[in-house]
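Enquirer: Here are the chains, one letter per residue:
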Amino acid sequence: MATTVHEPPQIEPRVPELGHSGNGGRNLLPGGGRLRGVRDFSPPPASTALWVGLAAITMTFVAFTSALIVRQGSATDWRHISLPGILYLNTAVLLASSLTLEVFRRSFLKRRGAINAKQGAVDLPRTSAGWLYATLLLGIAFVAGQYLAWLRLNAEGFYLATNPSSSFFYVLTAAHALHVLGGIGGLIYIIRRLSQGMLRPTALSVSTRYWHFVDILWLYLLWLLWAKL
Amino acid sequence: MHDMSTHALHHHAPPTGFIRKYIFSLDHKVIGKQYYGLGLVAVFTGMALSWLMRLHLGWTNLAIPGLHLLSSTGAPGNVMTPEYYLQLMTMHATIMVFFVLTVAPFAAFGNFFLPIQVGAEDMPFPHINMMSFWVTFVAFCVLISSFFLGDGPALSGWTGYAPLSAVGSVAGPGQGLGQVLWAASLAIFCVGQLLGSLNFIPTTLDLRAKGMSLARLPLNVWGWFITSCMALTAFAVLMPACILLILDHVAGTSFFVPSNLVINDQLQPHSGGSTLLWQHLFWFFGHPEVYIAIVPGMGIVSHVLIANMRRPLLSYKVIIGCMFSIAFLSYMVYGHHMFVSGMNPFSALVFSFPTLIITIPATIIVLIWIGSLYGSRLRINSASLFALGFISMFVAGGVSGFFLAQPSIDIVLHATYFVVGHFHLVMAVAAIFGIFAGTYFWFPKMFGRMMNETLGKIHFWLTFVGAYCIFMPFHYLGLAGNIRRYQAFSGYMEPLIPVHRFITVAALITGAAQFIFLYNLVHSRFWGKVAPENPWECTSLEWTVPSPPPFDNFGGRHPVVYHDPYQYGVQTESGADFIMQDSPETAKPA
Chain A
1406 MATTVHEPPQ IEPRVPELGH SGNGGRNLLP GGGRLRGVRD FSPPPASTAL
1456 WVGLAAITMT FVAFTSALIV RQGSATDWRH ISLPGILYLN TAVLLASSLT
1506 LEVFRRSFLK RRGAINAKQG AVDLPRTSAG WLYATLLLGI AFVAGQYLAW
1556 LRLNAEGFYL ATNPSSSFFY VLTAAHALHV LGGIGGLIYI IRRLSQGMLR
1606 PTALSVSTRY WHFVDILWLY LLWLLWAKL
Chain B
8 MHDMSTHALH HHAPPTGFIR KYIFSLDHKV IGKQYYGLGL VAVFTGMALS
58 WLMRLHLGWT NLAIPGLHLL SSTGAPGNVM TPEYYLQLMT MHATIMVFFV
108 LTVAPFAAFG NFFLPIQVGA EDMPFPHINM MSFWVTFVAF CVLISSFFLG
158 DGPALSGWTG YAPLSAVGSV AGPGQGLGQV LWAASLAIFC VGQLLGSLNF
208 IPTTLDLRAK GMSLARLPLN VWGWFITSCM ALTAFAVLMP ACILLILDHV
258 AGTSFFVPSN LVINDQLQPH SGGSTLLWQH LFWFFGHPEV YIAIVPGMGI
308 VSHVLIANMR RPLLSYKVII GCMFSIAFLS YMVYGHHMFV SGMNPFSALV
358 FSFPTLIITI PATIIVLIWI GSLYGSRLRI NSASLFALGF ISMFVAGGVS
408 GFFLAQPSID IVLHATYFVV GHFHLVMAVA AIFGIFAGTY FWFPKMFGRM
458 MNETLGKIHF WLTFVGAYCI FMPFHYLGLA GNIRRYQAFS GYMEPLIPVH
508 RFITVAALIT GAAQFIFLYN LVHSRFWGKV APENPWECTS LEWTVPSPPP
558 FDNFGGRHPV VYHDPYQYGV QTESGADFIM QDSPETAKPA
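Each protein sequence line maps, in turn, to chains A and B.
Letter by letter, the first sequence follows residues 1406 to 1634 of the numbering used here.
Letter by letter, the second sequence follows residues 8 to 597 of the numbering used here.
Simulated from the structure, these hints should not be mistaken for laboratory data.
Be aware that a few hints might be false.
With beta-carbon atoms standing in for the labels, derived distance ranges [what the hints assert, rightly or not]:
hint, chain 1, residue 1, chain 2, residue 2, range
1, B, Arg492, A, Ser1600, 53 to 61 Å
2, B, Phe360, A, Leu1553, 49 to 57 Å
3, B, Ile26, A, Thr1481, 52 to 60 Å
4, A, Ser1600, B, Lys536, 37 to 45 Å
Please read these numbers as outputs of a predicted model, since none were measured by experiment.
The beta-carbon is built from N, C-alpha and C at its ideal position, and this holds for glycine as well.
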């Protein structure tokens, strides 16, 4: 936290480094020992952690996919369901939200310009934050639209246990929606930090990457549902 | 000013207050100790369950005093019912595999020592780290609660095969609520371990100190890193499997229950599910899981042996390459658990081949250990004894794997005690020996006191001999056709009962020896000899900080690393035979 009082290191003064955080910097001091040249760049841990998380989420949906494929092939009770039309509208909404988020991200980074990353907060005029709010609204609209799709399926008599295909519809869309809600949490965090003037590029790029992932994941799931269900 | 807000690492002030210091701590060291404590409670619970099982197996109608208190329906008159035996067996295995073998070598020691060994002052996401422990703790509570709720815990084994696990309470006691709690506990556990991986991997990749290249990481750090990569993919598959299982129970879906299933004269209201699907999903997780249990132990054993041999292993890079190969291959072998499941026999060949291949890197690692030990003057202490014991047990357990890897032999040996002997030797003994080696080695650093060496050696010899007495006869039993997961033996298995009784006695004695370890732990924690900073003269970074380390590990300084961690047997100015990783000193030319 920026306001934490922390004992400064007592050994040699640290050379401030541009770019990403100096923690893990590899500028090696000449020394008596055998210093091996290593790259002097270290990605921010949050970025690595996001890739870790995305790998895990991918594996989860791979497992669901293989369950779907095996289940479809294991018996003759698979009944095709027609996907509610609102799913396609939801898809457009989610794609639009990725677009608006990307617009925000680029305008934020452009305004920061050559400002050293370590300076942290950038005060943005309120208009560009509008793209962020648009993303949030579109994300919430997506989740609401998914719920409407569920209601539509209910109306046609397809519930969770009606049919294996409907089971997978609900399981896949619910699992995805939960992850979208997580992304919405990330967006709320970004909005809060922005309003406090403490938004860091790392946090923004991590949240953005997650949101785009959730979008691409939905495109994959939509294709899977369309092809298999 | 540039120091504070711009570091990727979240700096936090020293914790104040009892709750922040010891309960909801952000300090990776406290979290590591919490995990260790959880592992300790779990291992003694699991051991007690194994005693109950062994008593019943040796003497089927034995009235075990007090058992009716645990379950009046499961043990009327203190005599265990057959179903209750299966319930205890399921819980024994689930607790041991998840809450001991995944928690202790990986989460406990990894959380405590990974940041220090790479030169960081904490993990990058302390709040997520704290959550990972408490989520795991909740998972443990959910699992244990199944003992006391409904009609007891699940009885379908730690593998939870469908349709037994998916049809609900009609299948037997514990198969309703007990099974749902089992699946829920595992799903929660998966989340906890995923949160852990979110910290382990960025710490290893991004928070290394100056000069700490990947090639200078201690071998146990590589073990934890490789394990985290496996954990994040394997647990991410178990979680959806458990969710689908829960849905089969509570939502009437039919993911795993086939049509036309009649149980107890009742036609089950399910259709079309695939029981094989559960096996695929479970074992895709299950096989990497057993390597998650053993790879940290391999890393710890390597580290402990090197420090005690006073010389590096024959090849650092080959060991890392082998650990990576094991992790990579572990995803391709899972079908060897399913040779007799009715799959296409050709697929058995497809799985058998990588199963045999995976023995190669494992063997190379063992040969490197043995080759490095040859001609060395190994310092004998409790840690190095358990490290040697690990090698012995891993080889003993591993060779039976060669046989099981072949479908033709597995047809005979599947679901016999041969399999039980195999996995107990590699997991229950070798992996536990890795935990013991790590404990004796790192206890001084964690608590600032030395453990009692005499008690440690007694503990080792009793456990080593005892474990062989318990688990070697299992192979004989398996070859004689003794089927596993049976609670009593009749017919052709009756002559084997005396062997079971011998095993039971050995198990009781070996189990009792673990209380020596527990006493040693507790007594040394408070009254052990005060430990110096580097009692083992080990070169890695955790031995450059006080015992126990301060809350920010390095006391505000940022270590600079000049060497790999295996500068042993060198001549130095100071006369020591080793050079610490952060010392700019170089070895004098020979």
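Enquirer: Taking 52 to 60 Å as the stated bounds, is the beta-carbon spacing between Ile26(B) and Thr1481(A) within them?
Expert: 58 Å, holds
Enquirer: Okay, Phe360(B) versus Leu1553(A) on CB: inside 49 to 57 Å?
Expert: About 50 Å separates the Cβ atoms of Phe360(B) and Leu1553(A), which means 49 to 57 Å holds.
Enquirer: Kindly confirm whether 37 to 45 Å is satisfied by the beta carbon distance between Ser1600(A) and Lys536(B).
Expert: At roughly 56 Å between Cβ atoms, Lys536(B) and Ser1600(A) fall outside 37 to 45 Å, so the hint is violated.
Enquirer: Would you say the C-beta atoms of Arg492(B) and Ser1600(A) sit inside 53 to 61 Å of each other?
Expert: 60 Å, holds
Checked against the numbered hints above, the structure breaks only hint 4 and satisfies the rest.
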